[in-house]
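Given the coordinates of chain R, work out where chains H and E should sit on it, guided by the hints.
Protein chains in written order, with the numbering used here: chain R, 1 to 735; chain H, 736 to 943; chain E, 944 to 1298.
If you are wondering where the hints come from, they were derived from the structure by calculation, not from laboratory data.
Here the structure is a predicted model, which means the values were calculated and not measured.
Take the hints with a grain of salt, since some may be wrong.
[Stated by the list, open to error] For lysine-lysine, the following DSS-like pairs were computed, each having C-alpha atoms within a straight-line distance of at most 25 Å: (1) H:Lys-846 <-> R:Lys-442; (2) H:Lys-846 <-> H:Lys-864; (3) H:Lys-822 <-> H:Lys-812; (4) H:Lys-861 <-> H:Lys-846; (5) R:Lys-454 <-> R:Lys-442; (6) R:Lys-553 <-> H:Lys-876; (7) R:Lys-624 <-> R:Lys-692; (8) R:Lys-454 <-> H:Lys-812; (9) R:Lys-595 <-> R:Lys-624; (10) H:Lys-812 <-> R:Lys-393; (11) R:Lys-430 <-> H:Lys-822; (12) R:Lys-454 <-> H:Lys-864; (13) R:Lys-430 <-> H:Lys-846; (14) R:Lys-692 <-> R:Lys-595; (15) H:Lys-846 <-> H:Lys-812; (16) R:Lys-393 <-> H:Lys-846; (17) R:Lys-454 <-> R:Lys-430; (18) H:Lys-846 <-> H:Lys-822; (19) H:Lys-861 <-> R:Lys-553; (20) R:Lys-393 <-> H:Lys-822; (21) H:Lys-861 <-> H:Lys-876; (22) H:Lys-864 <-> H:Lys-876; (23) R:Lys-620 <-> R:Lys-692; (24) R:Lys-620 <-> R:Lys-595; (25) R:Lys-430 <-> R:Lys-442; (26) R:Lys-553 <-> H:Lys-864; (27) H:Lys-812 <-> R:Lys-442; (28) R:Lys-442 <-> R:Lys-393; (29) R:Lys-442 <-> H:Lys-864; (30) R:Lys-2 <-> R:Lys-198; (31) R:Lys-393 <-> R:Lys-430; (32) H:Lys-861 <-> R:Lys-454; (33) R:Lys-442 <-> H:Lys-822.
[To be verified] So the derived label-pair ranges between C-beta atoms look like this: (34) R:Ser-538 <-> H:Val-904: 22 to 28 Å; (35) E:Ala-1172 <-> R:Pro-13: 18 to 24 Å; (36) H:Asp-869 <-> R:Gly-82: 34 to 40 Å; (37) R:Ala-556 <-> H:Gly-790: 19 to 25 Å; (38) R:Gln-315 <-> H:Val-904: 42 to 48 Å; (39) H:Val-893 <-> R:Glu-551: 17 to 23 Å.
Backbone N, C-alpha and C fix where the C-beta goes; we use that ideal spot for every residue, glycine too.
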Amino acid sequence: MKIHELPGGVHPPEEKARSLGDPIGRLPLPERLVLPLAQHLGAPARPTVAKGERVLGGQRIAEAQGAISAHLHAPTSGRVVGVEERPIPHPSGLPAPCLVLEVDGRDEWRDPEPLADPWGASPERLLSQVRAAGIVGLGGAGFPTAVKLAPRRPIHTLILNGTECEPYITCDDALMRERAAQVIAGGRLMARILGGPKILVGIEDNKPAAFEAMAQAAAPYGIEVVEFPTKYPSGGERQLIQILTGLEVPSGGLPADLGIVVQNVGTAHAVYRAVVEGLPLTHRIVTVTGGACRINRNYELPVGMAVAEVLAHNQFAPEACTRLVMGGPMMGFALPDPTVPVVKTTNCLLALSAAEAPAQPPPERPCIRCGLCAEACPASLLPQQLFWYGLAKDWDRLRAHNLFDCIECGACAYVCPSQLPLVQVYRAAKGEIRELERERRKAERARRRFEAHKARLAREEAARAARRATRRQAADAGEGGDAPSVAQLIAAARSEARGADPAAERARRQRAVAAAEERLRLAAERLAAAEREGLGDSQRAALEARRAEAEAKLAAARRALAELEAEAAGARAMDKIAASPRERLQGALRRLEDKLAALEGRIAAAAPEERPELESARTKLREKIAEVRSELAGLGPEGDRRPEDPAALDAAARAIARARERAAARAALSPVERARADVASLAERVERARQKLERARAEGAEQAAALTEALERLEEKLARARAELAALEGDETRP
Amino acid sequence: MEWLVDHPLLAALVALAGLAALFGAVLGYAAIRFRVEGDPIVEQIDALLPQTQCGQCGYPGCRPYAEAIAQGEAINKCPPGGETTVKALADLLGVPVPELDLEPGQEANAKRVAFIHEELCIGCTKCLKACPVDAIIGAPKLMHTVVAEECTGCDLCVEPCPVDCIEMVPVPTTLETWHWELPPPPGRRAARRESIIATDRAAEDAAA
Amino acid sequence: MSPLSSPHLHAPLDTPRLMRLVVAATLPGLVGLLWNFGWGPLINVLLASVFALGWEATALWIRRRPVSFTLADSSALVTGVLLGLALPPLAPWWLVAVGTFFAIVVAKQLYGGLGYNPFNPAMVGYVVLLISFPVEMTTWFTPRELLPEGVALPGLGESLSRVFLPGAQVSPADAFTGATPLDLFKHQTGLLVEQIYAAYPLFARAELAGYGWEWVNLGFLIGGAFLLAQRVYTWHAPVGMLLGIALPAALFYDGGSSESGGSPLFHLFSGATMLGAFFIVTDPVTAAASRRGRLFQGLLAGVLVYLIRTFGNYPDAVAFAVLLTNFAAPLLDHYTLPRTYGHRRARRGTEKIDG
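In isolation and in its complexed conformation, chain R is listed as follows (with noise of 0.2 Å):
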């Protein structure tokens, strides 16, 4: 099989010898472990236990959510603590929620769920037996693999990447070497899930002892393992696939658009355990390394296990310890907190001393164009000019040089004579575009929003200036001539004063009214505490400040509800002036009947002397209606025309700007005076109505009923004035 070369890649000292002493060993269970709900790429798990819940080694305690996402099991058994935000491992340091279980040492756990006839059973079936098990991609980004075994596209080869090519980590080789018919049984399985591909397995030559392991498990089933020369960074996907195919995946895609599928031998071996043994992903092999650790070695790991805790087993020195980096030297992270966790996708401790790393990097000087970063670089890129334009925020230019297509293997880095920061400068661009995209997006979104603002507005003050030439046409034409009638006068009056809804508009007003009345008594009391506090001269001047606005506040809102009520009872008056004369004769005959009717009600009721004086009165009404009568049945058709006539108009302003003023002088009125007010006028009305009510009652009329009930409600709400009343008045008279 011909071996391709990769471009660039670099050799730093391998350190790989120092771990693999020793079998893959196990430490004791923790007390505690903590586990972060996104173990993986994509969203974060859902717990799906209970504060205090008992659960036993293998349980799910959480579950995938959307498409990529996960499931969570226990690695032991235990209590559920709760879930809390801790600081996971992650660069910034930031901390997530985490499910934190109390372990109680029993190491009980809920029994294995393996497939009865793995070789037999359906893709989907295993497919679904990896879903349930938690797994995702050991090799470091940890992306589901129940999704990456499902592409969209038809497989031709899986390939088993069993490359690790950072220095230090030994946790495939090791676990290669001792286990390598499950991780090829485990690779087995996963063809079967794709449908059956060719398998390839990819070792680098530094692993010979591996390789042999690893090529005798192989040798029945006609897998081809392949081994190929040490250079860092060959274990990257892309890169691995170059070196065993030949192929590049394109820019911005998958390896499965090459029909291609790469899987890290961890993941493999996770898979056999799930199908073949029953067990979920709770352990990994991790090794732990580096000169601050005294042991070195390869540990099976449950996950969630405090990398503090699993330093102190190796005789780790913290004084002699520069960085500790969870992953390998060349891409690994700093941690921030040697608190956090182990998850799954930690394939190494790294505990590296003063000699190996110091705990500050030496000074930077300037690039000199050496171009040892573009030898090293294995995608090809011109490193030192993605750091000119990375310091430079030259967007455009970092993409043009195809900055998405760099990996951050930190190769360029690692051979950089002027120690510049170079994967540093190139993280933090792509972080930056990617928010400038974030942001474009936003603002786009802002954008139409902000439209759909205006166009809201717009129509509104469309509508609103309707009106409004509606009414000044009618008053162009009371002045002018060729106008509109009065009632569409009327009606734009009516219109405005109530808005769309006036009873909605009357209430809004009200309750502004209100608010700002609470606001007043609020800036009055803090302005009180305050006194009695004995502030500063500039805080109580702020303060009185603050109330003087609040009562210009609440003097605007009078106003505003004044202007309203005017409105309406103008436009009340208007409706008077502006009906036709048949209307208006037919008004002024019912009100005349109404008169002669309280007036006969009076002459039944009164006393013999009173009588003389009623009867010439209602003699003159009856002379009155015959009048009114008599102009009604002579009215012509024209009798039906509302009144156009300068006078009428005038006549209906003069009515609206009575009414307005009526009302903007009850408006104007203090809460207690207008509470006085309206107790007064209510206090009239029941006098009124109960001296109508006795008359009916003595006339022994029909409405007596009618009136009865009128009467009633009037005094219940002259009874509600006068609360209201007495307590505006409590509270004007409270200090």
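Okay, now just chains H and E, sitting in the frame of chain R:
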């Protein structure tokens, strides 16, 4: 023909005129046929503005400011856009990058969202009307709240609130939005490191 | 404070070490020069180094940059050494001072110091001197073995006095001065190459090109091979330059006729060819960025060297050729972006992405 041969000066003039007419026609045709329909400049400018509609530039919204820029207004009046926007505008318009025009106390490009202290809100709906992107929801007499996703951080709702219950809070960094920061420019980086020997640092300090 | 980004390991090669490797690699060539021309080249190199470091320190001090930290990168030392190697033996001290001033202060520090200079500083210094002081700059010595009877190269004491004492400087009248092979060849007209070679011991006693000079060039070639082995630079620029000289030389050799431009071997091992190919055109600061770009740049420099040597007024042309190709570096960068993994073709340097 012969006449032309006999009068070389006139022949040359005729030839030149003919050529001029021909090329003129070709150029004219090309100008119409291959005309590049660019976005109108106002659209392009508007696309670069952050659409906070905050009015800090002195115009009622981003679009009016974009129109003003197209008319020659300075491009450095957009604090929410910050340096990035100024640079992008300068790039688009082919002018030198000016300093951002900040009033004292103004912060450039600070990501903030409005936050309503809900226990203080009296439901007056004033902020609803002030919000240029309708990102505040609420009804009269009911508590209001800000849709943080849609809030552009424009500040416009803070002033109208009668009870001062709206505060602009910085957008917190989450695991999704966190990213590495650019290292400081080389000169300053080198100078700050411990390993520069004392004499140099003294010189640096003196220079600073 | 931002956390430390990976990688956490670093290769041992840093800029000061890289610069010192370059200085060390000039030793074989310098030995060749010393053997043939006496103390002169050594005094040149030492003097130029001292001046270069002095100018650099002064410029840094004026620019308020960390002086010792920056001097430690040894880039000024490299510039001084290279300029010293290029100067004719026993150049007067003021010539060295002026040359290094233009190299360090004008060509480098005024542009912002190491990494920011568009032109090779040593070559700027050299060209300024060549144009301003043509006589001093073209007075070379006859190689030791070819000196006439009774004439010897100046000893150490005399050398020092000729460098430092006013009025004692070397002049073409001195018996130990003589034409370089390139000079000699250029000024022969109407003779076949064979005839020229037979007529002058400078050629007659030589194995490859000109006596003495061929060993100097071999020395620089060995130094260059060392730097290639140390991966200080790639083969692209030097091989490009050597090809750029050899190919036209082969083309215009014309069978050794009287019109011949000289054989490829003659050009490869004469003058400053090897110094230029392995120490000058490989200066990364002023070169194109990509490997392909550097190959083209080398080729271009080589062709220019040949053209100026053969058809121009100056006997040697490395300095001019290198400066001219420095101009071309941005253009080369524009057209020689490597094809990135996963892309069908390479982009152009100034291309932008919309949106």
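Any of the earlier hints contradicted here, and which numbers? 17
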